[in-house]
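Engineer: Since chain A is already given, all that's left is putting chain B on it; use the hints.
Given next are the chains, with one letter for each unit.
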Amino acid sequence: MQKNKKNPYLFLLPYLLLFSLFIVIPIMMAIYLSFTNFNTIERPDFIGFLNYINLLTQDEIFMQYVLPNTVLFALIVGPGGYILSFFLAWCLAQLTKVPRMILALIFYSPSMTQGVAMAVVWTVLFSGNQAGYVNSLLMRWGIITEPIIFLQDSRFIMLIMIIVALWSSMGVGFLAMLAGVLNVDETLYEAGAIDGIRNRMQELIYITIPSMKPQMLFGAVMAIVNTFATGIIGVQLTGSNPTPNYAGQLIVNHIEDYGFIRFEMGYAAALSVVLLLIIYLFSYISKKLFSEA
Amino acid sequence: MAARVSGVNPKKFHKSQLKFYVFLIPFALFMVLPIVFIINHAFKPLDELYAFPPRFFVYKPTFENFTNLLELANASGIPLSRYVFNSLVVTAAVVFLSVLISTMAGFVLSKKVFKGKFTIFEINNAALMFVPIAVMIPRFLTISFLGMDDTFFAHILPLLAMPVGLFLVKQFIDQIPDSLIEAAVIDGAGDFKIYWKIILPLIKPAIATAAILAFQAVWNNLETSTLFITSENMRTLAFYMNTLVANTNVVVGQGMAAVASLIMFVPNLVLFIILQSMVMNTMSHSGLK
Numbered sequence: 001m002q003k004n005k006k007n008p009y010l011f012l013l014p015y016l017l018l019f020s021l022f023i024v025i026p027i028m029m030a031i032y033l034s035f036t037n038f039n040t041i042e043r044p045d046f047i048g049f050l051n052y053i054n055l056l057t058q059d060e061i062f063m064q065y066v067l068p069n070t071v072l073f074a075l076i077v078g079p080g081g082y083i084l085s086f087f088l089a090w091c092l093a094q095l096t097k098v099p100r101m102i103l104a105l106i107f108y109s110p111s112m113t114q115g116v117a118m119a120v121v122w123t124v125l126f127s128g129n130q131a132g133y134v135n136s137l138l139m140r141w142g143i144i145t146e147p148i149i150f151l152q153d154s155r156f157i158m159l160i161m162i163i164v165a166l167w168s169s170m171g172v173g174f175l176a177m178l179a180g181v182l183n184v185d186e187t188l189y190e191a192g193a194i195d196g197i198r199n200r201m202q203e204l205i206y207i208t209i210p211s212m213k214p215q216m217l218f219g220a221v222m223a224i225v226n227t228f229a230t231g232i233i234g235v236q237l238t239g240s241n242p243t244p245n246y247a248g249q250l251i252v253n254h255i256e257d258y259g260f261i262r263f264e265m266g267y268a269a270a271l272s273v274v275l276l277l278i279i280y281l282f283s284y285i286s287k288k289l290f291s292e293a
Numbered sequence: 001m002a003a004r005v006s007g008v009n010p011k012k013f014h015k016s017q018l019k020f021y022v023f024l025i026p027f028a029l030f031m032v033l034p035i036v037f038i039i040n041h042a043f044k045p046l047d048e049l050y051a052f053p054p055r056f057f058v059y060k061p062t063f064e065n066f067t068n069l070l071e072l073a074n075a076s077g078i079p080l081s082r083y084v085f086n087s088l089v090v091t092a093a094v095v096f097l098s099v100l101i102s103t104m105a106g107f108v109l110s111k112k113v114f115k116g117k118f119t120i121f122e123i124n125n126a127a128l129m130f131v132p133i134a135v136m137i138p139r140f141l142t143i144s145f146l147g148m149d150d151t152f153f154a155h156i157l158p159l160l161a162m163p164v165g166l167f168l169v170k171q172f173i174d175q176i177p178d179s180l181i182e183a184a185v186i187d188g189a190g191d192f193k194i195y196w197k198i199i200l201p202l203i204k205p206a207i208a209t210a211a212i213l214a215f216q217a218v219w220n221n222l223e224t225s226t227l228f229i230t231s232e233n234m235r236t237l238a239f240y241m242n243t244l245v246a247n248t249n250v251v252v253g254q255g256m257a258a259v260a261s262l263i264m265f266v267p268n269l270v271l272f273i274i275l276q277s278m279v280m281n282t283m284s285h286s287g288l289k
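Top line first, the protein sequences correspond to chains A and B. So for the first sequence, full-length UniProt numbering puts the first residue at 1; every next one is plus one. So for the second sequence, full-length UniProt numbering puts the first residue at 1; every next one is plus one.
Quick caveat, the hints were computed from the structure, so don't treat them as lab data. Bear in mind the structure is a predicted one, so any value in this text is a computation, not a measurement. Careful, some of the hints might be misleading.
List of simulated lysine-lysine pairs, PhoX-like, C-alpha gap at most 20 Å [stated by the list, open to error]: (1) A:K6 - B:K11; (2) B:K289 - A:K288; (3) A:K97 - B:K112; (4) B:K12 - A:K97; (5) B:K19 - A:K97; (6) B:K197 - B:K112.
One chain only, chain A, in its complex shape (with noise of 0.2 Å):
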């Protein structure tokens, strides 16, 4: 059927240049990076695994804030986003089309906000005087009676951070798993119903679930995605790296800091490493729960 065996290539290479280009080379020399100390002047110089050393045993913000902080973030808003995600879509599936499209339509718009745009709201609600919406609200009701510096405030910048991380999840592995909950085979259902499920528990978990696994998964690696892609809001609250007290650092920040602010690449690099190692964790587990085979 194919006069021109070259023709696949031909079609293919424009996005595999700059696939390879900006995401396979950059991995790699992330991976090189890490093994060499470098500072963007002079020629990275081989170090071995002395990065990686001192990250487990020298780097005491890392240990200490760093890693838990990411843990913690990753745990609640990765597992808890998609969770939410999946249960909003199938909530939204048994409604009728109208009322589900602009429900939809509202869970989707804060992930087209990006963190970015929206600091502003987050900052303006949670602003540390009592003209702050948050603190006039909790002072009206009586729960607080001095308002609280939210945003440089150790004790509240990881849950603001969730909270905002987890307003804006409901992305691209929402609707795909709205469209799952959708085209579950009809019949399906009736077979079911036969068989004697009985309630509408029994269906999500015997019929629902096993028929859209792939979008599950998909949606799965949609929320690690976000999760990680997120990471960056606690800077951007509270409007400093390090956050006060390192209290909303997560890796990228980490990152960031060491590559940017420090100029030390090759340790900056071997945190790339390590992220992308805990992403790549938290998609193998997910493939392991809802792969086919």
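Structural biologist: Just chain B now, kept in the frame of chain A:
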């Protein structure tokens, strides 16, 4: 009675749906609150921005904040129109080119037999979880090595290869029957003709989806302006709006910052509303095995 209990995708309202509304509507109100707030805040006159206790809704809407923003931008040396122009050029280029290369690659990955096909698709699937910010440093080095820093290329090229876009396009093309392509081959159509005349018209929903994802990625992008660009007049609207937002601690600035957020958010929203049915259509094929 063996009637099905399922309420999935119902045709009309039934009282069993009420319990979902009871949960979904309050939740939706909570979700939409920040967006309603930003719209209200953008139109508040100065005395309402200062108001104590703070008010959520605007009482006397004005365009004061919009004109203030324009004046501030014009006073700062580089007119706002320059940032808008940069953003428009970059956005148009990224959306068009990224759709073009994803559909080309998706076409052959779906419909052609050649060596390395499955490996390439597998690698792309693995790259779905790629988070650009994890490798910002090597990307920065690549850009300076190629001598592209401070040019439009630095804005455009890094964003073109979108694994999610290619994945969704390829999955969508998979459901186009092979017989259609075979018929075209018998009629003497070459690969380029098949791509242009058969595939592209049939995958409009996937194109719309890839375009909207590319749009969101590029319109809000700060990375390229912050890391790869050094001259102020080469930076994008997203960057300008973000510095504006980041540097405002005074109350007057809040109104302008809200306007800035609104300007960044509205195009996304409008585009999605227009294309939403096509996006949902594409998403039905988004399964990852």
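Engineer: Compare the structure with each hint and give your call.
Structural biologist: Comparing the hints with the structure gives:
no., hint, result
1, A:K6 - B:K11, "50 Å, violated"
2, B:K289 - A:K288, "11 Å, holds"
3, A:K97 - B:K112, "38 Å, violated"
4, B:K12 - A:K97, "9 Å, holds"
5, B:K19 - A:K97, "17 Å, holds"
6, B:K197 - B:K112, "16 Å, holds"
Hint compliance for this structure: hints 1, 3 are broken, all remaining hints hold.
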